[in-house]
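S.K.: This is what each chain is made of:
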Amino acid sequence: ADKVSIVYIPKNTGNPYFDSLVKGFQDGCAKVGCDFDMQAPATAEATSQIPFITAQTQRGVGVIAISPNSPDALNQVLDRARSRGILVLAVNGDLVGNLDHRDAGILPVDFTKTGPSQVELLGSQINYEGEIAILSATTDAPDQNTWIAAMKDSLASNPKYAKMKLVAVAYGDDDPQKSTTEMEALIQKYPNLKGVISPTTVGVAAAAQVLQTQGKAKQITLTGLGTPNQMRPFIKDGTLKAFQLWSPYNEGLLTSYFAVGVKNGTIKNEPGTKFEVPGLGEITIGADHIINTQAELTTFDAGNIDQFNF
Amino acid sequence: MSHTPATAVSPQDAAKPLPLWRVVLVRPEMMTLVLLAAAFVIACLLSPFFASLTFILESATYYAEFSIIALVLTLVIIAGEIDLSPASTMALTACLFGTVFQAGLPIGWAIAASLAAGLVMGAFNGVMVLWLRLPSLMVTIGTLIMYRGLAQVLAGDKSIGKFPAWFVGIDYRTLLGVPVPVLVFVIASLALAFVLGATILGRQIYQIGTSEIAARHAGIKVRRIKFALFLAMGLTSALCGLLAASRLASVRYDLATGGELQMVLIVMLGGTYIFGGRGTIAGTFIASWLLVIIATGMTVANIPVTYQLTVMGLLLIVSIIATNAIYARNQR
Amino acid sequence: MDGVPASARPVLISARGISKQFAGVEVLRDVDLDLHAGEIHALLGENGAGKSTFAKIIAGVHRPSRGSLALNGTTVEVATPLIAQKLGITLIHQEPISFPDLSVAENLVLGRHEGPALGRVRWGELRREADSLMARLGIAIDVGKPMRGLSIADQQMVEIARALASDSRLIIMDEPTAPLTPREVETLFGIARQLRQEGRTIIFISHRLEEVRALCDRVTIFRDGSRIATEETARLSDNDIIRLMIGREVKNYIPQHKSQIGPVALAVRGLSLPGKFEDISFEVRRGEIVGLGGLVGAGRTDVARALFGVVPAASGSIEIGGRAITIREPADAVAQGLAFVPEDRAVAGIFRSLPVEQNITAAVPGKVAPGGVIRRALERSIAREQVRKLRIRLASPRQPIGELSGGNQQKAILARWLLTDPQILILDEPTRGIDIGVKAEFYEMIGELAASGRAVLLISSELPELLALSDRVLVMSEGRLTANLPRGQASEESVMHAAVPRRKSTPDGQAAA
Amino acid sequence: MNIASLFRRREAGIVVMIALFAVVVGLIQPRFLSTETLRIVLLAVPLIMVAAMGEMMVLVARHVDLSIGSILGFSAIVAGMLWRDHPELPVIVGVGAAIAVGAALGLVNGLVVTVFKLPSIIVTLGTLSLYRGLVFFISDARQVDPQYIPRGLIELSQTSPVFGIPWIILIAFAVALATYLFLGHSRLGRQIYAIGSNPVAAPLRGIRAAPITVLVFVLSGALAGLAGVMYASRFGYVNPGITGVGFEFTVIAPVVIGGVSINGGSGSVAGTVLGVLLLGAVSVALPILGVSGFWQQAIYGAVILAALVIDRSVRQGGLKGLLARDAA
Ligand SMILES: Nc1ncnc2c1ncn2[C@@H]1O[C@H](COP(=O)(O)OP(=O)(O)OP(=O)(O)O)[C@@H](O)[C@H]1O
Ligand SMILES: Nc1ncnc2c1ncn2[C@@H]1O[C@H](COP(=O)(O)OP(=O)(O)OP(=O)(O)O)[C@@H](O)[C@H]1O
Ligand SMILES: [Mg+2]
Ligand SMILES: [Mg+2]
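Protein chains in written order, with the numbering used here: chain S, 4 to 313; chain C, 5 to 336; chain D, -5 to 507; chain F, 12 to 339.
Okay, chain S solo, but in the shape it has when bound (with noise of 0.2 Å):
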């Protein structure tokens, strides 16, 4: 049979946290065989990736994969793609409360991981306890408030972190102006602030860059969700000491042996079904077709962030 050739929308073009995912797609093809391809659109608004989709379908490509920039805009597209069997695949962010117009989703960890972990890594710097605010990107942004949500569960429910108290979330909009005058506002409202929590790559960056430019690292712990590549300066000066991602590159090369084995009807896609990724061990298909390319987030610090480049 032909090579299955995959086709991976990012959400838009020049933005280097999905650099690394396509170079996973790029080894993962190399290895079991496909043809790949991304293609990207200008700007992350809702119906930006439509003719894109679009275009695939008429090439009769494979496999769609998209990081989408809308949960419910892309519904009809995907349908129709769909119905041409193309194997669609929802990967980084799901089609949340859209589930049913993807074949599955490809998330970096379980989510619900990610707001305890979160809330760990800063109660384990500030001794548990002291003032901490959120940072966050937009305020309707899914993954997010699921996240903020999770933490304040764990914050609530948690004894270990009875002293630690929310005291405020405000959003960045992932845009680097409003991020920093966001967390300048949080810096200025409460002199007492211990420590923040940015779970977006746009505002944890900027907020290390404020805490670098008023100097308050000392006096402020930071972390949240980054890149290596954003955050290396920071962790090497100590603005902040720890932050926590996932392997965008796993996503990428785990989305590729999936895709094939789906199409070569070697992986049946069904929850429960298990299959085998060199580098990442068993995979197992989760509930609502969900797959983690990890079980839990990876802590970058300055020990061990020079082994990464994304």
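Wrong hints could be hidden among the right ones.
Claimed, not checked - Here are the simulated EDC-like pairs of lysine to aspartate or glutamate, each with C-alpha atoms no more than 20 Å apart in a straight line:
{"id": "1", "chain 1": "C", "residue 1": "K162", "chain 2": "S", "residue 2": "D177"}
{"id": "2", "chain 1": "S", "residue 1": "K239", "chain 2": "F", "residue 2": "E166"}
{"id": "3", "chain 1": "S", "residue 1": "K197", "chain 2": "F", "residue 2": "E47"}
{"id": "4", "chain 1": "C", "residue 1": "K162", "chain 2": "S", "residue 2": "D146"}
{"id": "5", "chain 1": "C", "residue 1": "K166", "chain 2": "S", "residue 2": "D82"}
{"id": "6", "chain 1": "S", "residue 1": "K221", "chain 2": "F", "residue 2": "D151"}
{"id": "7", "chain 1": "S", "residue 1": "K192", "chain 2": "F", "residue 2": "E47"}
{"id": "8", "chain 1": "C", "residue 1": "K162", "chain 2": "S", "residue 2": "E48"}
{"id": "9", "chain 1": "S", "residue 1": "K197", "chain 2": "S", "residue 2": "D146"}
{"id": "10", "chain 1": "C", "residue 1": "K166", "chain 2": "S", "residue 2": "D103"}
{"id": "11", "chain 1": "S", "residue 1": "K219", "chain 2": "F", "residue 2": "E22"}
{"id": "12", "chain 1": "S", "residue 1": "K239", "chain 2": "S", "residue 2": "E134"}
{"id": "13", "chain 1": "S", "residue 1": "K26", "chain 2": "F", "residue 2": "E47"}
{"id": "14", "chain 1": "S", "residue 1": "K221", "chain 2": "F", "residue 2": "E166"}
These aren't lab readings, by the way, just hints derived from the structure by calculation.
Following the hints, complete the assembly by docking chains C, D and F with the ligands onto the known chain S.
M.R.: Chains C, D and F with the ligands alone, transformed into the frame defined by chain S:
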């Protein structure tokens, strides 16, 4: 009147009109048509997947909303004004539609609210431009920002969806194999071509754009016509906002972001003169297809979007310069 | 120096064979003129005689089509205003040129001082200099204020001050006194005499004979683009000057029309628009041609535009056929049976790039588009009919009207209004810039219009045509009606008499702007 | 009517607005009134202030430049790529390159506008898209990561030569001062006002409008280029899809609020600086007050429209003149 002997004819009386072939062929729309043919051929060469009518028509639905607005914008620009706010108007009216619907009111009410809001927004532009006599360019840059901001205030950044099944997916309904939005575009083109080309209203739009002062002196109700055009822009934008809501089955404040540039691009590409007085619906119609062909052709040929942006920007500048040059040449 | 006759002083600038064409129309023809150092030289002539054009050529604003200029005996190329400035020639424009956002002081020096582009502007010096200039002119203007707030008169004074500031050998003042009060005029004259004392030359353009008489050593009279005479002022009587200005024998091609004068068609009462015209009242009867004469800027056009609703009057009433009506915009006027052929044909008349036929039918949408849809065949036949009737010369009715000659454009505009079957026609300078031959046709048409029972208000700056065509002549001066002369009493002298502003007749000293 | 005093009042008006605003916000959130807030406001505005100086000159000359956001992105990415690919180069080379690139892009704008006699708004709308496309193109759509931005550049936003005021703020005010001296006190600067005030008359006074217009676009581009490196300094990275996007409106709003007329010829550096500070204070205060950032854009738009109406009514002599009929 009685006959008087012929008197000396001044040299200017002998001026000959331009040869017919120049009048017919050296026109901006012709340039667009040639570009369209060239783009089509190139697109076919670039990708074997391109030359499929269903695919082109389906792709056309993504541009149909902007194209429909560009038709009305053509009239506005011919009349010597400009409106940069329609994309934001689309977003605001669509978000209003979503909010009203979400509030539990019947969907008919939501549609009515969005159309009414479109009229109000068009009227606001019109009042600022025609009664406060502010330049339409700056006014609509202001409302471009404000309407988009209000959409954000209204809907936050979450998408509003879960519309009833009959409302969504208008782009998948076809008539004679043509998706409804494209059909709407074609019908609107025919209707507006008729209005602009064959009715007295269209004639007066050209006259206003050619010389607003002369038009006023000829007893043409300039303000009334321009106000009607701004209203039409608002209403059409609201309508296209609804088309987009149906196509996407959801609305969000960032709907149609940057669409104003594309609409102006279409109108300019179609050979409408930025200073008013000239232009045709046919030109805008052809330019819409040109844009569809270029964008679709490049996308299906897997040409990175970076090239696409560059090509669009260049096309806009080159088309204004060319249009300007052709008009300057044909005019003495 | 006063004792020496002007002609005996050395020649400062001499013009030889200066001609100028605009779009093929010759507006200056072979003008020779010598100006002497230390004289004040008046240019006189009717509107459009070419005075301003000549002045602009000397000042480098326009380049002559033919001819040459010599300064102190050497031929010079005055290619730009900047070069003129450097040669010591300053022009005070008829319409003051100003930069409304800049301060008075800056307006005074802009473009004058040489120096590096990034050189510092010395505000203190600038201000002192400006203040002293203003003091010299005896006017109290805060030179730190922006020009925008200044009255036209003050702006004109600033222009004059600017000319004084630059050490010019030749200062050309194009109707500088038009907006000034008598006291300001006196100040200006004092300064002009002082400049003459210093040996500088002044060209003084004015329509006011008494001013010319009071100030100028010599006068040159222009007519139809030609220099007619140059003479010591004292040697010419007012009557001589007026005769020379009007000059041409009243041409016999102007038909004397006879028509039945009927009831009042248009009555205007107390029409005012502050700053433009005051208290205008008159009547025009059916079948009557009423002429409206006056000098440029007298406000005739403003009255016409007010009647037609282009810029409505602030107060006063208009009656048509005995009924009081309100006209807020031209569309209202058209609906009331008015028609208006504007003086500014290129801007307010034609749709330059549109076909002649569309230009002709522009005011009668209902006729060419019953039900809103244009019937092309109908439109064409209507247009052709008008083209034939008015003998409009063109290649095709589909030709853009901009390609036609001025006279034929004007005929097309008239054709447009004839289609509306108007009861009252307002014609503002209908024959301006039109060839003699076409003019004759126009005169005939105007006569026939009145003969068919229409009321005609004819604004014209050409006295012969005004007198020949009008059953009655109204004269405006500085925004007011100053005469209402029946045909028998209207003569070139009587009209001119009423048109020339009389300072004594405005006791408050405030000229209408 | 004394327009001069009105304009003076206008600047005073903005000062009053800033003061009132500070008092109101201070009453609700007392911590707002602190030197730290001042510092934050000042840190928020340098980019905008520098670009606003350029945009202001363009507006004074009766034009508009919508492409500054894309020029900013273009210059920043060029500088960033230089530093990334040639780490040995000193910081100043990148800064120089960014300014030069900005000037070159401005030159293109200016030439197209003057040579083809096209309206600047449409031309710069076109280059807005064209330049952004080229940004993606030259950068291969890749971000320049923080590790490549020179330490020395970052420190401009952090270290201070005097009174603890970071370099970047001093640079912005230095640019404002230079603009003030240039526009307000040099012959050429006054000629820019003259061109904008009466473009038809300018040549009659010997002012060469075309080259000066081109120069104004070049300056606007160069300042946008400088703002580009300031972006890199402030945010520590350059992203082709983010850096400078939508910046044009962020800049035009305070310029128009500051009293620069879109009809050219008027506007002061002081007014523009105050306009920038006012909007800076608003954008800092909204989060401190806990107001949703969603309002920010709507407020920007409304403020532009209000400034247009105020500007027009000042020129027409009050609201009555504003509603007066056309003098067609
Ligand atoms: N720029 C131009 N283009 C075309 N025609 C022009 C231009 N300037 C002047 N004319 C024409 O040249 C003729 C002479 O005009 P000019 O302004 O010199 O007259 P004038 O003697 O100064 O009259 P006035 O007393 O009204 O000021 C007029 O017919 C005018 O219409
Ligand atoms: N563009 C303008 N801006 C300011 N004032 C103007 C303008 N045009 C005319 N005016 C003023 O309006 C007044 C009346 O001018 P108007 O043109 O009505 O005179 P007119 O008698 O019709 O002259 P003409 O013989 O040129 O038609 C003049 O005093 C003039 O100063
Ligand atoms: Mg004159
Ligand atoms: Mg007149």
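S.K.: Each of the hints needs a verdict: does it hold here or not?
M.R.: So, going through the hints one by one against the coordinates:
Restraint check: the Cα-Cα separation between C/K162 and S/D177 comes to about 14 Å, which is no more than 20 Å; the hinted pair holds. Simply put, S/K239 and F/E166 have alpha-carbon atoms about 15 Å apart, close enough for the 20 Å limit, and the pair holds. Of the pairs offered as hints, the one joining S/K197 and F/E47 holds, with about 18 Å between alpha carbons and a cut-off of 20 Å not exceeded. Distance check on the hinted pair: C/K162 and S/D146 sit about 12 Å apart at the alpha-carbon level, within 20 Å; holds.
Taking the CA atoms of C/K166 and S/D82, the gap is about 16 Å. The hint holds against a cut of 20 Å. For the suggested pair S/K221 and F/D151, the alpha carbons sit about 38 Å apart, so the restraint of at most 20 Å is broken. Between the alpha carbons of S/K192 and F/E47 the distance comes to roughly 11 Å, so the proposed pair stays at or under 20 Å and holds. Proposed proximity of C/K162 and S/E48 is supported: the alpha carbons are some 12 Å apart, at most 20 Å.
At most 20 Å may separate the alpha-carbon atoms for a hinted pair to count; S/K197 and S/D146 exceed this at roughly 25 Å. Annotation: proposed proximity of C/K166 to S/D103 holds, straight-line Cα distance about 14 Å (limit 20 Å). Restraint check for S/K219 and F/E22: the C-alpha separation of about 36 Å exceeds 20 Å, so the hint is violated. This hinted pair does not check out: S/K239 and S/E134 have alpha carbons roughly 26 Å apart, beyond 20 Å.
A threshold of 20 Å between alpha carbons decides the hint, and for S/K26 with F/E47 the separation of about 44 Å lies outside it, so the pair is violated. Only pairs whose Cα atoms come within 20 Å are accepted, and S/K221 paired with F/E166 is accepted, the gap being roughly 18 Å.
In summary, the numbered hints that this structure violates are 6, 9, 11, 12, 13.
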